[in-house]
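Those letters in the sequence shown? Residues 9 to 214, by the working numbering.
Treat the hints as calculated values from the structure; they're not laboratory data. Mixed in with the good hints, there may be bad ones.
Simulated restraints on C-beta separations [unchecked claim]:
hint: 1; residue 1: K160; residue 2: R59; range: 48 to 54 Å
hint: 2; residue 1: S94; residue 2: N159; range: 37 to 43 Å
hint: 3; residue 1: T182; residue 2: S61; range: 42 to 48 Å
hint: 4; residue 1: Q153; residue 2: G64; range: 21 to 27 Å
Calculated lysine to aspartate or glutamate pairs in the EDC-like style (CA-CA distance at most 16 Å, straight line) [unchecked claim]:
hint: 5; residue 1: K150; residue 2: D200
hint: 6; residue 1: K179; residue 2: D200
hint: 7; residue 1: K183; residue 2: E172
hint: 8; residue 1: K89; residue 2: E197
hint: 9; residue 1: K150; residue 2: D138
hint: 10; residue 1: K189; residue 2: D138
hint: 11; residue 1: K89; residue 2: E100
hint: 12; residue 1: K74; residue 2: D138
hint: 13; residue 1: K184; residue 2: E197
hint: 14; residue 1: K74; residue 2: E172
hint: 15; residue 1: K184; residue 2: D138
hint: 16; residue 1: K74; residue 2: E100
hint: 17; residue 1: K179; residue 2: E191
hint: 18; residue 1: K179; residue 2: E197
hint: 19; residue 1: K179; residue 2: E198
Quantities reported herein were computed from a predicted structural model and do not represent experimental measurements. Yeah, the Cβ is synthetic: ideal placement off N, Cα and C, and Gly gets one too.
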Amino acid sequence: MARYIKSKCRLCRREGTKLFLKGARCFGAKCPIERRGAQPPGQHGKKRHRRLSDYGIHLREKQKVKRTYGVLEKQFRNYYKQALKSSSNTGEKLLQLLESRLDNTVFRLGLVSSRSLARQLVNHGHVKVDNKKVSIPSFLVKPSQTISLSNKGAKLKFVQESLEQKTSPAKWLTKKALIGKVERLPLREELDDSIRENLIIEFYSR
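With the hints as extra help, turn the sequences into a complete structure.
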């Protein structure tokens, strides 16, 4: 499957905000946003200060969320279509689908410091759902399911470093040692309040 392999810091600079794509580096002085501010990438980044149109505002919000979760356009649109069929709020359902991805859940449990590392962990077969190996990052976990790591995965350096930080899992998850459990779907107020999902829904509704 296709994936973005270029500099992740360029994505943050393009969206003008931190997307926290590189784990601990995003909180340090090496982060380009900290050093240069929200300057767009490219040789002439400083010169681009044009006012965004309504379409541009909607597009940038969609791109920001898509890049935050590491999802490509076709898959992101499919999540929107799936959310549209739901009887609940479309925007909230879209975010719940993104949060329910296995790679995101591993990240939210605090087992790794970024979604890209979580994706790598899943791709390499180090993650189990209900004690069965799952190597598909987009696998959607459900309430009451458990997530654990293989013996080899638990010994990886970046996993050990993340566990040393003793990061608390998201409120909709519980964790004991290396085993996490999905208690329920996340509520909207528990998710990033900087995301304006209504703009994404309006973008696809054009």
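Status of each hint after checking the structure:
1. K160 / R59: 48 to 54 Å: 52 Å, holds
2. S94 / N159: 37 to 43 Å: 38 Å, holds
3. T182 / S61: 42 to 48 Å: 44 Å, holds
4. Q153 / G64: 21 to 27 Å: 39 Å, violated
5. K150 / D200: Not satisfied, since the Cα-Cα distance of roughly 20 Å exceeds 16 Å.
6. K179 / D200: 13 Å, holds
7. K183 / E172: OK: K183 and E172 at ~14 Å, within 16 Å.
8. K89 / E197: 23 Å, violated
9. K150 / D138: 11 Å, holds
10. K189 / D138: 9 Å, holds
11. K89 / E100: 13 Å, holds
12. K74 / D138: Violated, at roughly 28 Å.
13. K184 / E197: 24 Å, violated
14. K74 / E172: Roughly 29 Å between the alpha carbons, so the hint for K74 and E172 is violated.
15. K184 / D138: At roughly 15 Å apart (the allowed maximum being 16 Å), D138 and K184 satisfy the hint.
16. K74 / E100: Given that 16 Å is the threshold and the Cα spacing comes to 15 Å, the pair holds.
17. K179 / E191: Cα-Cα ~9 Å, so holds.
18. K179 / E197: 11 Å, holds
19. K179 / E198: 7 Å, holds
When the structure is compared with the earlier hints, violations turn up for hints 4, 5, 8, 12, 13, 14 and for no others.
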